[in-house]
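Peer 1: Letter by letter, the chains look like this.
Protein chains: 2
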Amino acid sequence: MLIVQKYGGTSVGDLERIRRVAGRIARYRDQGHDLVVVVSAMSGETDRLLNLAYELCPDPSPRELDMLVSTGEQVSAALLAMALKHIGYQAKAYVAFQIPIKTDALFGKARIQDIHTEKIRRDLDQGNIVVVAGFQGISETGDITTLGRGGSDTTAVALAAALKADLCEIFTDVEGVFTADPHIVPKARKIDRISYEEMLELASMGAKVLEIRSVEFAKIYGVPIHVRSSFTDEPGTMVVEEDKSMEKVLVSGVTYNRNEARITLHGVPDQPGVAAKIFGPIAEAGIVVDMIIQTSRPDGKADMTFTVPRTDYQKALKVVQNVEMDLGIEEIEGDKDIAKVSIVGAGMRAHPGVASKMFQVLAEHGINIQMISTSEIKISCVIDEKYTELAVRALHEAFHLESPVQEE
Amino acid sequence: MLIVQKYGGTSVGDLERIRRVAGRIARYRDQGHDLVVVVSAMSGETDRLLNLAYELCPDPSPRELDMLVSTGEQVSAALLAMALKHIGYQAKAYVAFQIPIKTDALFGKARIQDIHTEKIRRDLDQGNIVVVAGFQGISETGDITTLGRGGSDTTAVALAAALKADLCEIFTDVEGVFTADPHIVPKARKIDRISYEEMLELASMGAKVLEIRSVEFAKIYGVPIHVRSSFTDEPGTMVVEEDKSMEKVLVSGVTYNRNEARITLHGVPDQPGVAAKIFGPIAEAGIVVDMIIQTSRPDGKADMTFTVPRTDYQKALKVVQNVEMDLGIEEIEGDKDIAKVSIVGAGMRAHPGVASKMFQVLAEHGINIQMISTSEIKISCVIDEKYTELAVRALHEAFHLESPVQEE
Chain A
2 MLIVQKYGGT SVGDLERIRR VAGRIARYRD QGHDLVVVVS AMSGETDRLL NLAYELCPDP
62 SPRELDMLVS TGEQVSAALL AMALKHIGYQ AKAYVAFQIP IKTDALFGKA RIQDIHTEKI
122 RRDLDQGNIV VVAGFQGISE TGDITTLGRG GSDTTAVALA AALKADLCEI FTDVEGVFTA
182 DPHIVPKARK IDRISYEEML ELASMGAKVL EIRSVEFAKI YGVPIHVRSS FTDEPGTMVV
242 EEDKSMEKVL VSGVTYNRNE ARITLHGVPD QPGVAAKIFG PIAEAGIVVD MIIQTSRPDG
302 KADMTFTVPR TDYQKALKVV QNVEMDLGIE EIEGDKDIAK VSIVGAGMRA HPGVASKMFQ
362 VLAEHGINIQ MISTSEIKIS CVIDEKYTEL AVRALHEAFH LESPVQEE
Chain B
2 MLIVQKYGGT SVGDLERIRR VAGRIARYRD QGHDLVVVVS AMSGETDRLL NLAYELCPDP
62 SPRELDMLVS TGEQVSAALL AMALKHIGYQ AKAYVAFQIP IKTDALFGKA RIQDIHTEKI
122 RRDLDQGNIV VVAGFQGISE TGDITTLGRG GSDTTAVALA AALKADLCEI FTDVEGVFTA
182 DPHIVPKARK IDRISYEEML ELASMGAKVL EIRSVEFAKI YGVPIHVRSS FTDEPGTMVV
242 EEDKSMEKVL VSGVTYNRNE ARITLHGVPD QPGVAAKIFG PIAEAGIVVD MIIQTSRPDG
302 KADMTFTVPR TDYQKALKVV QNVEMDLGIE EIEGDKDIAK VSIVGAGMRA HPGVASKMFQ
362 VLAEHGINIQ MISTSEIKIS CVIDEKYTEL AVRALHEAFH LESPVQEE
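Residue numbers (this note's numbering), protein chains in the order written: chain A, 2 to 409; chain B, 2 to 409.
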């Protein structure tokens, strides 16, 4: 099999761990597999480099910032290849420009556009284990780019797609994807198989196991991902195409997100073009809006509520205050202390009663729902932040997520 | 003027120093100069990276070792460019592959073969200060190479040559080139101007101000070098083509080297091919021999003495012991506690009395000379190590090096 493996920062956090990772890779090689290994920076290294930059100046230039932080993965890749050679395995380390891994020029959040596989294929044919510095790319003009936090996952999946690998294994410091945060729900259960779609909903909700773009990539190219711990040999969670067995599972997991804030505009004139006049300036300010809800009032005006990242709360308030007079908005109010609690499951498509059950469970626990948003396989409710744990636990229990299969 | 500047590891040793270097560069820019700035790794960083590698395995692969340590300069270059932009100057940082600076594939001691200047010229034309990571290159196969310790000097001089720069300034933590080590000779004087040839002899003798290959490069391409301190605004030492004024200076400086050991072979058969049978195996063992002296004895045999790096002393002894029987050598003995003391000066060419004066000065101080070797502008004597400081001080005084010009 051709396997692409990715080891996160904790897995290569020190020399002893790098040795252990080398040992694990060697066992795979001994079984006859071809291996391409993507590594993150040693844990703490990216932050150390970022701190250097921000201590030097509050506004480091994006091009040089990428040049700076990309060294973290370069160091890990070089060290892992050395460790492999030291125990008698052929290995070659690469950084992005050498392969090359081509991206656009959006420093700090570049997107992979093309990966050349000739060098890697030739090295594999010659019996090498190929080690690749994750998280980085090279733009058309030859500048070093980075893919954003968690970008090494994307590097691994993109390489797996480009090489048509049989499997992409993401080794991390958790055992897999869980039905809920085990810190909140002690009974949370490791999920054996989950669909890309469900994983996307979970990932975007803050289940920080897999970077969301890597899942999108895997979905597009049909790359099977195995998320697992680098500290055990236990299997983790397979992220794959949805199949029949998954449809039987009503709800796969419960997640939450405490990183958002709510802003409500009361008495917005209900006329064409108003939404654009509100959300245009917000987008221009670089603020990403998540949920938007608009309700009409009997007086011909509307109330509009939306959520933004909590760190952008003050900035977003100022933006809407700037258009308040102009648009004739009656009142602006907001709340930073909110949480978004979601249930995710491919089985929801076929079972209409899931949403109402969620609302009922929250109501039974005296939790008021401030906003609701739904997708085909997800239902999210915005609630008062202080009820987060209670809500997650109650939903986990109500949907019987502690047992492997819950059928209605 | 187009000036290439190089700042060493101490000069960019922390963020405050990087800010200060940025300030210095800004003053040059304000004067209207075009600037290409080469930086070393922050002091301690290269050693930190090397320690990581050698702690991981005693025999790190050279290719990956270069990939690893080259990150040190990449970090400095990125930070310096950020610092320049922060104070309002246009700047662009580059690593070797981006320019590219092409080298051969001798990892750890690569030689620069070609430097493309198009990108740099374009950036300069657009008003940028160009910051280049020193010490590194890229091989024909796209591997990252390094030029060896002190390689950033070579990067700077090679860039100055390729760009036909008006001047190459090497900023370091000393004020320039001195007539002797100021730690040994308090009266040692900073030399204002020195020829490439003299500098080469001084550099190879351990005056660690300038990397020797950078001086060779400068000599070939006629690049004027200004070695100066990054902590003051005082002028340092100009390293330039030899001119009339220099010929008047009998001796420019006194240097010493305590890193060698002596090996003597007594009673070597005095016949053709013997030297090759001795020095062939030594070269094959990777040992660099410095001085070699052979003297014939009345009995038709010869005594042969040579010096090797002190760290290779035991290895070299073993090599000659292996051929001892075979060649019929009578006895092998050696001494690790030796020092080589040298006087260097372009004026020696025209003044035959310099050597005899050196021998006389050493004799007057009771210092026995074990070996002598001479070049056109240098005389070296191997002496007992314990007399090193005494010999350096006595020679410095005898040749009046404390005063700017000493004529016979």
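FYI, nobody ran anything at the bench for these hints, they're computed from the structure. Incorrect hints may appear among the rest.
For identical chains, the list gives no copy identity; a pair is met inside one copy or between any two copies.
[What the hints assert, rightly or not] With a straight-line Cα cutoff of 20 Å, these simulated SDA-like cross-link-like pairs (lysine to any residue) come out:
no. : residue 1 : residue 2
1   : Lys120    : Gly143
2   : Lys103    : Ile221
3   : Lys245    : Asn323
4   : Lys278    : His267
5   : Lys191    : Ala303
6   : Lys120    : Ala106
7   : Lys387    : Gln361
These figures come from a predicted structure and were not determined experimentally.
Peer 1: Each hint needs a verdict: does it hold in this structure or not?
Peer 2: Tested hints:
no. : hint            : in the structure
1   : Lys120 / Gly143 : both (18 Å within a copy, 11 Å between copies)
2   : Lys103 / Ile221 : within (18 Å within a copy, 39 Å between copies)
3   : Lys245 / Asn323 : neither (51 Å within a copy, 75 Å between copies)
4   : Lys278 / His267 : within (15 Å within a copy, 97 Å between copies)
5   : Lys191 / Ala303 : neither (44 Å within a copy, 81 Å between copies)
6   : Lys120 / Ala106 : between (23 Å within a copy, 18 Å between copies)
7   : Lys387 / Gln361 : within (19 Å within a copy, 91 Å between copies)
Hint check: violations occur at hints 3, 5; the rest are consistent with the structure.
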